[in-house]
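J.: If you want the building blocks of each chain, they are given just below.
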Amino acid sequence: MNLFNIPHNELLQHLINGLTLGAIYSLIALGYTMVYGILKFINFAHGEILMLGAYAGYYIYYFICDPTQGGVFVIFAFIISILTAMVCSASLGVIVERVAYRPLRKAPRLAPLLSAIGVSIVLMNLAALFFGTKSKKFDFPFDNSTLQAGGTSITPNQIMILAVGLIMMAALKLFVDRTRLGKAMRATSQNQSVAALMGINVDFIISLTFAIGSALAAVAGVLMALEFKLYPTMGQMAGLKAFIAAVVGGIGNISGAMLGGIILGLLETFGVVIIGIPQGLKDTIAFSALIIILLVKPSGLLIKNIREKV
Amino acid sequence: MKKLLAVLFSFMLLFALACGKESDVVKKGETIKIGFLGPMTGDAGNYGKLMSQAVKIAVEEFNAAGGAEGFNAEVIVEDTEGKVEKANPAIEKLAGVDKVFGIVGSVFSSVSLAVAPKAEAAKIVMVSPSSTHKDLPGKGKFIFRDVMSDALQAVVFGKYLANIEKVKTVAILYIKNDYSQGLAMDFKEQFEKEGGKVVAIETALQGDKDFKTQLTKIKGTSPEALYVPNYVAEIAQILEQAKQLGIKTKFYSADGFSNPQIIELAGELANGVIYTQAAEQPTSQKRKDFEAKYQAKWGEKPDAFSLNAYDGAWIMLNAIKATAGKGANGNLKVDRDKIRDYVAKTKDFDGASGKVTFTADGDLVANIGIYTAENLKFKQLKMFKLDGEKLVELK
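Order-wise, the sequence lines are chains Y and Z. Quick note: the first sequence uses my numbering, first residue 6, plus one each step. Quick note: the second sequence uses my numbering, first residue 16, plus one each step.
Everything labelled a hint here was simulated from the structure, so no lab data went into it. Because the structure is a prediction, the values reported are computed rather than measured. One or more of the hints may lead you astray.
[Claimed, not checked] Derived CB-CB ranges, DEER-like:
| no. | chain 1 | residue 1 | chain 2 | residue 2 | range |
| --- | --- | --- | --- | --- | --- |
| 1 | Y | V77 | Z | S237 | 36 to 42 Å |
| 2 | Y | I297 | Z | I216 | 28 to 34 Å |
| 3 | Y | P161 | Z | S237 | 20 to 26 Å |
| 4 | Z | G345 | Y | I122 | 52 to 58 Å |
[Unchecked claim] From chain Z, some residues computed to sit far from chain Y (all C-beta separations above 12 Å):
| no. | residue |
| --- | --- |
| 5 | D39 |
| 6 | D113 |
| 7 | K183 |
| 8 | N346 |
Glycine residues also receive a C-beta, built at the ideal position from the N, C-alpha and C atoms.
Go ahead and model the full structure; you've got the sequences and the hints to work with.
T.: Below is the structure:
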């Protein structure tokens, strides 16, 4: 027993559950934060891009193989379907930006926001129309039997979520910090017109940002579908939560989004267990966190490390 | 000014009266409309789809047999998505625009409880094929159901677990909707009365997909069994995540489990779950015929609620036929109160689901079956009747 009067193994179990949830939130939050960093606008269709990515992965996966067979080929098929899902979502993200946001880039800030909400509604209902509203089961490509250790259990899928989440975030961080394109991206986020004067193709960089954010969302979508099944509204709540995670971490800041996601996942789990918030009010935790952060530290936990534009 | 208002009001009154009269007449060449109210889309869409298909068969048969005085019936299907906020406009449409004489529905208890007062006010006979909340029949004279009450289901199951399966400790995980909460609370009360102990009671919201926090807490209390009286989308997630967390207790559920979609979503995990549902009556020829017809027309098997929906539709169509009479200019005169009284008198109606008898309240007189899923198929294990306080097994 410990401070909270909860057995250690149970606490550890909650930690694992919270971290996996957080890893998914982080992956989605990255998309919000990257777009905000560059365009200063919230892409509310992000959750739907995630959902469509998951569907793309699902259909390709079941097209290539029969997952109930098991074996190496299924794992191979799964990797291919994740990659294709990333490509599909990335293209969709770019198209959405081109069609719904670019024409409004000079418009008042409310206009692209409303456009984003519109795109979100359209995509969700299209998905419901074409794929049906029933939940679909996304079979695991591997044996998802629980691994037990001293009363605490973790599933291979949870390990995969944590690992994939970590790899993706590390790769993105390296890309943004270490490559020329990443540098161009940071420059664009600081000042678009000056970046353009320096010979950076701003339109291309913005498309790239949408593509990367959407590809990450597709990965999160497939991981979510494995864990929580596949359905047209899956991106809605996840998208909102990830948006909160991005704000909590400091919107526009990539490390902040990762941190915010993990914090939110842990908060949702431990808020119920330790503070004793009724489980039925679990969703309010995230929104309360948003309100508190906006009141106390509107810039988020990690402040973006650039000086105010003059 | 006053005069103007008076004139205006008398016109409105006249209009209202005219409308009221109008709704009880089916004009020549028009159809007798009944409604179906249930989730056609969304997570629960499969429930509504299966049941509405059953109602359509009943209406087809009714028309093939000549209808009422040569008037054909028609079913208007309205989608609730299983949500109260979607159901309200749907019932307004059925009552105000379509002016239906009866409604088969609604499917979920929360929705039925919400729309019942409106059906009552519009004098629409409502027969729910699947809303099991104990308060529903008490909502009005026009409200019936041909599915058994949760109170009965929960009481019998509480007694059964404590006295027959001799389970001592149970944890409950229910979703915050009228159906699940009603069952969970009634079950808890009964189970504790029988000397059992509820060691953990956890809740979640409808639409939740992640139950790991609740299940981890439940695991810490190591119960002998877990009672999950929810709908299939949630039960499937719970079964899967419980397995992932290494929970190896027995699982118990209620009739929400009986939708075949559970097999699709949970697969092998559905095997061994024990649940309650209205006792299966000896398979009648009527049921076989209906199932064959359903399979032939829709290419899938009807679930237990579809049998209820089919019977409910027939009960109200029979009532309309028996009470309606030819009016002036070849119109059909329908009396809503008479329909209601006719439906209320239903006794030993020979339906596909078995014999249907309504209590004075409009509730179903029922025996309870204990079922399980075995090799991905549903199977009845035992059958019980509540005789006062005693549980009597029927052979």
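J.: Quick check: which numbered hints come out false for this structure?
T.: Those not satisfied: there are none.
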